[in-house]
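Trainee: Quick mapping for you: the protein sequence lines, in order, are chains A and E.
When you line the first sequence up against the working numbering, it's residues 1 to 113, in that order.
When you line the second sequence up against the working numbering, it's residues 1 to 115, in that order.
Just so you know, these hints were derived from the structure itself, not from any lab.
By construction, the Cβ of each residue, glycine as well, lies at the ideal position given by its N, Cα and C atoms.
Be a bit skeptical, because a hint or two may be false.
Unchecked claim - Covered stretches of chain E (chain A as the covering partner; in silico rule of three or more C-beta atoms under 8 Å from a C-beta of chain A):
| hint | stretch |
| --- | --- |
| 1 | 29-39 |
| 2 | 42-55 |
| 3 | 90-96 |
| 4 | 106-115 |
Said to hold, decoys possible - Ranges of calculated distance between the beta carbons of each label pair, as one might list FRET restraints:
| hint | chain 1 | residue 1 | chain 2 | residue 2 | range |
| --- | --- | --- | --- | --- | --- |
| 5 | E | I12 | A | A17 | 21 to 29 Å |
| 6 | E | S9 | A | S82 | 45 to 53 Å |
| 7 | E | A72 | A | E45 | 25 to 33 Å |
| 8 | A | A29 | E | S108 | 36 to 44 Å |
| 9 | A | E3 | E | S89 | 25 to 33 Å |
| 10 | E | G16 | A | L113 | 41 to 49 Å |
| 11 | E | P40 | A | D66 | 31 to 39 Å |
| 12 | E | T80 | A | S52 | 37 to 45 Å |
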Amino acid sequence: QKEVEQDPGPLSVPEGAIVSLNCTYSNSAFQYFMWYRQYSRKGPELLMYTYSSGNKEDGRFTAQVDKSSKYISLFIRDSQPSDSATYLCAMIKYTGTASKLTFGTGTRLQVTL
Amino acid sequence: GAVVSQHPSWVICKSGTSVKIECRSLDFQATTMFWYRQFPKQSLMLMATSNEGSKATYEQGVEKDKFLINHASLTLSTLTVTSAHPEDSSFYICSARPSGGGGYTFGSGTRLTVV
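Let's have the full structure, built from the sequences with the hints guiding it.
Mentor: If you want it as structure tokens, here you go:
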């Protein structure tokens, strides 16, 4: 069993829809959580960084963490065609610059006109 | 925000030659940088952890003599693919995290094609 599970999609939604992206993890040692957006042939771009259970909002993006259920989500409101990309969840077990990221497999999102 | 610059963005080389990829942290010092490899439609695979002033730590299955890593300063790490072969063709990405915390920042990636 992988430490981090993420539905690979592809997920196709119409413009303006609310998108829900999810990851589950099995190791309760994970304490810090990130969401990345990756366009084709580009490096991942950090969207959200969270470390406590609850919600964190930034513009159209909301990150949700439920440590008791070992479940994290990213919500995208008013989705745009420019949001079409692969979304990766990532997490680390402790803070510090040498802590290795554990990634989900990524979810491909397509926002259609 | 933290910025990591990676060069070149793409490179084509002949089989048997070596290629160097640079990763620079532009607005923070990075004692640790990470090098990843990514195949099409797959997630990132960690190759090695680059430590400033000391030897890199390689993940299991990664040939350290083929993928030479140098982290000679707090803002620069390099990955050299030695004696490249077509199977080394891939997307290579570096990443680092500021000591003040927050998420990891990634470079824009280098697409290597070996012909």
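Trainee: Run through the hints listed earlier and report the numbers of any the structure violates, in increasing order.
Mentor: 5, 6, 8
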